[in-house]
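Enquirer: Let the sequences and hints guide you as you build the complete structure.
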Amino acid sequence: NAGVMQNPRHLVRRRGQEARLRCSPMKGHSHVYWYRQLPEEGLKFMVYLQKENIIDESGMPKERFSAEFPKEGPSILRIQQVVRGDSAAYFCASSPTSGSTDTQYFGPGTRLTVL
Amino acid sequence: DQQVKQNSPSLSVQEGRISILNCDYTNSMFDYFLWYKKYPAEGPTFLISISSIKDKNEDGRFTVFLNKSAKHLSLHIVPSQPGDSAVYFCAASQGAQKLVFGQGTRLTINP
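Residue numbers (our numbering), protein chains in the order written: chain A, 1 to 115; chain B, 1 to 111.
No incorrect hints appear here.
So the derived list for chain B, only partly shown, Cβ under 10 Å to chain A, looks like this:
| hint | residue |
| --- | --- |
| 1 | A41 |
| 2 | P44 |
| 3 | V100 |
Okay, derived cross-link-like pairs now, DSSO-like style, lysine-lysine, Cα gap no bigger than 27 Å in a straight line:
| hint | chain 1 | residue 1 | chain 2 | residue 2 |
| --- | --- | --- | --- | --- |
| 4 | B | K5 | A | K44 |
| 5 | B | K56 | B | K68 |
| 6 | B | K56 | B | K71 |
| 7 | A | K71 | A | K27 |
| 8 | B | K71 | A | K44 |
| 9 | A | K71 | A | K51 |
| 10 | B | K54 | B | K5 |
| 11 | A | K44 | B | K68 |
Think of the hints as simulated: they come from the structure by calculation, not from any bench.
The C-beta atom is built at its ideal place from N, Cα and C for all residues, glycine as well.
Expert: Here it is, written out as structure tokens:
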């Protein structure tokens, strides 16, 4: 009974490099959400995707960040030209549908450190 | 604009007693509320939820109370156990899409 999988668990990048974070939802889940947690803060919503569609990207920074959830394979959160302020824990969650009482289940997170 | 607030950064409770964690929200359109528990270096773990049509939901040692008129919810854990020591986040959503989280409360259960 695999839960939400994220990899890598830890990622170190130098300023200006690209970071790719991957998320495989729980079996049977078709909705994926990405959240970011800065130190000593709560989780902040970034983007909500279904297969091949971005439903809500209101929390995504306008530049350098993009997300996709292709028909086959995991969801990818991509950060181009990383800066030190991108250092954070990035969590992915999935749910079976977007019904009003569908709980989101979280993965273990990817901790991004930008040097 | 912090729509979900947990005003107590930390709470210390003796083992066996009741832990009460509080959460306030400002958006009256929120219709679904959840509590998550988080250990360091792990993802949030779902604990319990409540729909806005209810005022109480119970699951074992965990009970969530919702007071819509006050825009307030609370999580009661009784009896508290050492394994309950963690950071607890409340979250709210409108239509169960994006979750809005509070800042978290660090609960410590003392033996």
